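Undergrad: Sequence:
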Amino acid sequence: MRCPGQDKQFWKPEDIYYVECPKCRAKVEFWKDDVYRRCKKCGHRFRNPKLDLGCAEWCPYASLCLGQNMEKMKSDKEK
Numbered sequence: 001m002r003c004p005g006q007d008k009q010f011w012k013p014e015d016i017y018y019v020e021c022p023k024c025r026a027k028v029e030f031w032k033d034d035v036y037r038r039c040k041k042c043g044h045r046f047r048n049p050k051l052d053l054g055c056a057e058w059c060p061y062a063s064l065c066l067g068q069n070m071e072k073m074k075s076d077k078e079k
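Take 1 as the starting number for the sequence shown in the working numbering and just add one per residue.
Calculated directly from the structure, the hints in this document are not laboratory data.
Please note: incorrect hints may appear among the correct ones.
What the hints assert, rightly or not - What follows is a set of in silico ranges between Cβ atoms, one per label pair, in the way DEER data are often shown:
# : residue 1 : residue 2 : range
1 : Leu64     : Asp15     : 19 to 27 Å
2 : Arg45     : Lys8      : 16 to 24 Å
3 : Ala26     : Leu64     : 31 to 39 Å
4 : Glu29     : Cys55     : 17 to 25 Å
5 : Arg25     : Cys3      : 12 to 20 Å
6 : Tyr36     : Lys12     : 21 to 29 Å
7 : Cys55     : Lys23     : 16 to 24 Å
8 : Asp7      : Pro60     : 12 to 20 Å
9 : Arg25     : Pro4      : 32 to 40 Å
To be verified - Below 25 Å or equal to it, Euclidean Cα-Cα: the simulated DSS-like pairs (lysine-lysine) are:
#  : residue 1 : residue 2
10 : Lys12     : Lys27
11 : Lys41     : Lys23
12 : Lys40     : Lys8
13 : Lys12     : Lys32
Computed from a predicted model, the values in this text were never measured in an experiment.
Note that beta-carbon positions come from the ideal geometry of N, C-alpha and C, so glycine has one too.
All chains, full assembly: derive it from the sequences and hints.
TA: Written out as structure tokens, the structure is:
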């Protein structure tokens, strides 16, 4: 079981949204915790402009919860 901050069953509809690809202008679906996504139309990979890591920003167990390196995710968010 995941903590409530990262468990998708507690997410709201606005936590999933579309962003325009900066290369071809196609719509790309992002989930609030996606750091990057690849455009299905042109293949361009780009950063999530609305990245929200929630409690994973400060929780000492975030890497275990998300299964990813939190320091890398935080540095990617700041770029």
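Undergrad: Is it true that the C-beta distance of Asp7 to Pro60 lies inside 12 to 20 Å, as the hint says?
TA: holds (18 Å)
Undergrad: Against the 25 Å threshold, does the CA-CA distance of Lys12 and Lys32 hold or violate the hint?
TA: Distance ~10 Å between Lys12 and Lys32 Cα, so the pair holds.
Undergrad: Quick one, are Lys40 and Lys8 close enough, alpha carbons at most 25 Å?
TA: holds (23 Å)
Undergrad: CB of Arg25 to CB of Cys3, is that within 12 to 20 Å?
TA: violated (37 Å)
Undergrad: State, for the Cβ atoms of Arg45 and Lys8, whether the hinted interval 16 to 24 Å holds or is violated.
TA: holds (23 Å)
Undergrad: Could you check the hint for me, namely that Leu64 and Asp15 are 19 to 27 Å apart, CB to CB?
TA: holds (22 Å)
Undergrad: Evaluate the given range 17 to 25 Å for the C-beta pair formed by Glu29 and Cys55.
TA: holds (23 Å)
Undergrad: Is the hinted range of 31 to 39 Å satisfied by the C-beta distance from Ala26 to Leu64?
TA: With a Cβ separation near 35 Å, Ala26 and Leu64 satisfy 31 to 39 Å, so the hint holds.
Undergrad: Could you grab the alpha-carbon distance between Lys41 and Lys23 and see if it respects the 25 Å cut-off?
TA: Distance ~10 Å between Lys41 and Lys23 Cα, so the pair holds.
Undergrad: Against the range 21 to 29 Å, how does the distance between the Cβ atoms of Tyr36 and Lys12 compare: consistent or not?
TA: Because 22 Å falls inside the window, the suggested range holds.
Undergrad: Just tell me: holds or violated, for the beta carbon distance of Cys55 and Lys23 against 16 to 24 Å?
TA: The hinted range 16 to 24 Å is violated for Cys55 and Lys23, with Cβ atoms some 33 Å apart.
Undergrad: Is 32 to 40 Å respected by the C-beta to C-beta distance linking Arg25 and Pro4?
TA: At 36 Å between Cβs, range holds.
Of the numbered hints listed earlier, those contradicted by the structure are 5 and 7.
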